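Protein chains in written order, with numbering that gives the first Met the number 0: chain A, 0 to 453; chain B, 0 to 453.
Derived from the structure by calculation, the hints contain no laboratory data. A hint or two may mislead.
It does not matter which identical chain is meant; a pair holds if it fits inside one copy or across any two.
[Unchecked claim] In silico DSBU-like cross-links for lysine-lysine, where the CA-CA straight-line distance does not exceed 35 angstroms:
#1 Lys-316 <-> Lys-227
#2 Lys-95 <-> Lys-111
#3 Lys-227 <-> Lys-380
#4 Lys-68 <-> Lys-288
#5 Lys-38 <-> Lys-355
#6 Lys-68 <-> Lys-214
#7 Lys-141 <-> Lys-174
#8 Lys-355 <-> Lys-371
#9 Lys-116 <-> Lys-311
#10 Lys-68 <-> Lys-355
#11 Lys-355 <-> Lys-141
Values in this document were obtained by computation on a predicted structure and should not be read as measured data.
Number of protein chains: 2
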Amino acid sequence: MSKTDVLIIGSSAAGLVTATTGRRVHPEKKITVVTKLTKTLIPCGIPYVFGSVGSTDNNILPAESMFEKSGIDIIYDEVVSINRDSHSVTLKSGEKVVYEKLVIATGSQPVKPAWLKGVDLENVFSVPKNKVYLDEMQDSIKGLKKIVTIGAGFIGVEISDELNKAGKEVYLVEKLPNILGLAFDKDISVRAEELLVERGVNLVTGRGVSEITGKGKVEGVILDDGTKLEADAVVLAMGYRPDSGLAADAGLPVNSWGFIRVDEYMRTEDPSIFAVGDCAEKRDFVTRKPSQVMLASTACAEGRIAGMNLFKLYAIKTFSGTISIFSTALGGTGFGVAGLTENIANEEGFDIVTGKFEGIDRHPGTLADTHKQFVKLIVGKESGVILGGEVYGGLSVGELTNMIGIMIQNRMAINSVLTAQIGTHPLLTASPAGYPLIKAAEHASSQIMFNHSR
Amino acid sequence: MSKTDVLIIGSSAAGLVTATTGRRVHPEKKITVVTKLTKTLIPCGIPYVFGSVGSTDNNILPAESMFEKSGIDIIYDEVVSINRDSHSVTLKSGEKVVYEKLVIATGSQPVKPAWLKGVDLENVFSVPKNKVYLDEMQDSIKGLKKIVTIGAGFIGVEISDELNKAGKEVYLVEKLPNILGLAFDKDISVRAEELLVERGVNLVTGRGVSEITGKGKVEGVILDDGTKLEADAVVLAMGYRPDSGLAADAGLPVNSWGFIRVDEYMRTEDPSIFAVGDCAEKRDFVTRKPSQVMLASTACAEGRIAGMNLFKLYAIKTFSGTISIFSTALGGTGFGVAGLTENIANEEGFDIVTGKFEGIDRHPGTLADTHKQFVKLIVGKESGVILGGEVYGGLSVGELTNMIGIMIQNRMAINSVLTAQIGTHPLLTASPAGYPLIKAAEHASSQIMFNHSR
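With these hints in hand, go ahead and build the complete structure from the sequences.
If you want it as structure tokens, here you go:
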């Protein structure tokens with residue numbers, strides 16, 4: 000039996016950041032991480048191991064060296080139970096570890112729907128954050144040609160694009176009318192569709208999958224309209240479920256989707272136990288409803304909050320809800336979103352206007368590598384508060400998305416955006432007079448103004 | 000004699016944006032722009048006409064078409080006097096134009112120091128925002144080889160880099176110890192110096208110029224330590240002076256540097272007259288002292304405020320001072336700054352800590368085009384408020400600088416940055432666990448925390 004001040008279960012983004020933040024803020028405490036994985040993958044890089052990054056070996060989170068450098072202990076083992084009465088966990092090896100504070104960062108597992116016939120055939124893969132699995136998958140896929148990806152969320156889109164880049168014949172099947180349809184409004188996802196098709200991925204939208212066929216091995220996929228697609232392999236990209244079994248077994252409350260209930264300091268019902276990352280409950284920053292969006296960047300924000308507040312709430316800083324901020328890229332074009340889409344805002348009953356503008360991301364436009372840049376803002380009609388933003392453009396849209404994220408988190412109103420000072424440079428940004436974010440704000444503002452008939 | 004509701008003097012960034020904003024907000028008003036220039040240049044693009052952009056014809060602000068499209072009248076003429084009593088201006092042609100509201104957006108002129116011997120020799124150039132001048136300059140320079148640039152602010156640095164790119168032998172002379180020394184702290188400007196030298200520009204820092212030599216034409220430059228540099232041409236990049244003669248002649252107060260005094264709605268002392276852009280007085284957002292920083296992006300923000308508030312102050316939004324935000328690039332490396340540098344914060348007597356972090360701008364770092372990314376934050380020690388930020392890295396730093404600018408304008412404290420949600424993607428940004436902006440905030444935070452010995 001060993002003893003530690005802080006025990007963290009999991010070494011991916013949430014666990015790692017909780018550990019390093021905890022170390023920074025509590026230099027006197029003993030911090031221990033238990034992980035099943037000898038090598039932890041960079042989560043966002045996983046789709047890219049199939050193309051741009053080459054292999055999982057090029058996509059390792061340097062958790063071990065960061066832990067060593069920071070004086071954080073690692074135990075390579077699996078927690079099989081949490082014993083809240085004795086403030087301890089039991090490991091697979093039989094060993095027990097006593098904690099003062101426990102942080103559950105067990106992450107999520109890919110959905111593998113039991114209702115889908117053929118889901119257990121050879122060459123049906125999912126995309127877990129597991130190096131051993133992904134290495135075997137990459138080996139198996141090597142000799143295969145036709146691949147059907149089921150689900151066009153960002154993992155499905157990214158992996159399809161990368162497999163296509165690696166020379167595969169890829170069909171991407173999505174039952175919603177558009178790819179990335181939960182993340183973006185149609186005006187943006189249509190642009191991603193055009194690009195994906197241009198790059199050689201075959202898109203099948205508006206149709207679900209009813210069966211995976213084959214004898215032993217995958218031979219094809221049957222869609223819900225009867226269409227048959229040939230396939231040597233199937234990649235399931237149908238979402239992720241929180242890995243909260245350990246917590247639930249220990250009697251910690253989980254919500255109806257299986258996320259571990261936490262407060263805004265990331266504390267579970269048990270004052271000694273925190274949960275962070277994909278396994279922890281999230282609320283939407285704007286709607287305040289529970290959210291199912293799982294993102295490494297959200298996990299890191301949660302890890303920082305847990306790490307700072309493990310012993311005392313001196314950093315009076317809470318996790319105020321997810322703004323579902325993320326970005327993706329198809330070749331030289333980036334896409335980003337933060338906060339509510341127009342679709343969701345309407346569904347949730349917000350009274351909104353949207354502001355849109357398409358410009359360019361360098362100036363003058365005669366410069367090489369100039370790319371279109373589009374910004375859409377979703378704005379509360381009475382308050383003028385920015386509820387969400389969507390962008391596409393050149394590769395600078397990743398940080399442009401983050402700028403919009405900061406605006407949303409500060410509950411900035413459109414008036415402040417209109418007069419925001421931004422830095423501009425020919426090779427780095429749009430022009431100051433035609434900066435799409437500000438022009439989109441003007442577009443929104445004009446609608447508010449003239450509706451109010453000032 | 001003609002009549003207009005709004006008369007704007009100047010068609011560059013400030014005038015243009017005042018006009019288009021005025022049109023958007025006041026669709027019923029007649030708006031007229033008077034300009035000396037038949038073609039207005041994109042101000043930030045000017046250094047690039049000597050290399051990347053090729054010629055001034057590729058760097059035209061589409062002011063005319065924007066005015067036409069918006070129903071804004073243009074008069075190609077020069078205002079010779081403002082007659083406040085009669086609410087009119089007199090043009091060079093003798094014509095008078097009566098206004099209800101007047102906006103002075105006369106910009107700035109390059110400094111051409113009278114004390115500098117040889118400043119009037121042939122092939123001594125400055126960098127005005129004037130197409131005719133720059134075209135002649137580019138023609139004259141074509142056959143010349145050795146060029147000395149005097150002054151290593153960002154215009155001097157950018158033009159030197161572009162002239163070098165265009166095959167010239169360039170010496171850049173700066174009397175301060177470092178290039179970009181007023182804009183950046185030494186740790187950043189040293190990096191820019193290394194790059195500039197690597198790219199082939201010859202740097203001479205810590206030495207001023209005492210004389211330009213030559214008989215009729217430039218032959219050389221003598222530095223204040225006696226060093227002689229051969230030169231076929233000299234480019235003066237010694238700063239700009241506000242062009243406020245018209246305003247001063249009309250009795251409008253100007254400050255000791257010659258900027259037209261304005262309030263935070265950009266109104267001069269005369270309730271019918273506004274001033275915006277390089278000619279208008281600025282205060283520093285943080286120190287509240289008058290500032291001499293002139294930037295197109297600041298000019299645009301001021302133009303938006305003037306345009307919205309021309310007739311009534313319904314948009315209760317003022318210009319709260321310049322955050323001196325700008326960015327520049329040398330090849331694939333961008334540099335950006337917003338708010339106070341460490342140097343200036345210390346000079347101004349702020350009690351600060353600085354947070355620094357160098358990471359990479361993609362993840363994993365095995366991806367092609369991965370670039371180092373460095374972030375430095377200047378933070379109030381007691382308040383935790385972010386007073387400034389400096390960055391360098393790949394080309395995404397333009398928008399990263401803008402994100403820091405938004406933080407400064409929102410007076411965000413470091414605690415909110417620590418837990419900010421950012422979107423991350425392998426091809427677009429740093430990793431969520433190693434995002435330099437947040438890591439720099441942690442670095443600053445640790446210093447505050449342990450100094451306070453919590």
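Between copies, within a copy, both or neither: which fits Lys-355 and Lys-371 at Cα up to 35 angstroms? both (13 angstroms within a copy, 33 angstroms between copies)
Within a copy, between copies, both or neither: which one fits Lys-355 and Lys-141 at a CA-CA cutoff of 35 angstroms? Intra 43 angstroms, inter 43 angstroms, cutoff 35 angstroms: neither.
Can you tell me if Lys-116 and Lys-311 fall within 35 angstroms by alpha carbon in one copy, between copies, both or neither? neither (51 angstroms within a copy, 68 angstroms between copies)
Up to 35 angstroms CA-CA - Lys-214 versus Lys-68, copy category: Classified as neither: same-chain Cα gap 51 angstroms, cross-chain 66 angstroms, threshold 35 angstroms.
My question is about Lys-141 and Lys-174: at a cut-off of 35 angstroms on alpha-carbon distance, are they close within one copy, between copies, both, or neither? Within one copy only: 28 angstroms inside, 61 angstroms across.
Intra- versus inter-subunit Cα pairing at 35 angstroms for Lys-227 with Lys-380: Result: close neither inside a copy nor across copies, 47 angstroms intra and 65 angstroms inter.
Homomeric proximity label, Lys-95 with Lys-111: Cα distance no greater than 35 angstroms: within (32 angstroms within a copy, 78 angstroms between copies)
One pair to classify: Lys-38 and Lys-355, alpha carbons no more than 35 angstroms apart. Within, between, both, or neither? Between copies, since 29 angstroms is at most 35 angstroms while 44 angstroms is not.
At most 35 angstroms between alpha carbons: which applies to Lys-68 and Lys-288, within, between, both or neither? neither (39 angstroms within a copy, 45 angstroms between copies)
Check Lys-316 against Lys-227 for me: Cα-Cα at most 35 angstroms, and say if that holds within a copy, between copies, both or neither. neither (53 angstroms within a copy, 60 angstroms between copies)
One pair to classify: Lys-68 and Lys-355, alpha carbons no more than 35 angstroms apart. Within, between, both, or neither? Cα proximity of Lys-68 and Lys-355: across copies only (18 angstroms, versus 47 angstroms in one copy).
In terms of the numbered hints stated before, the structure departs from hints 1, 3, 4, 6, 9 and 11, listed from lowest to highest.
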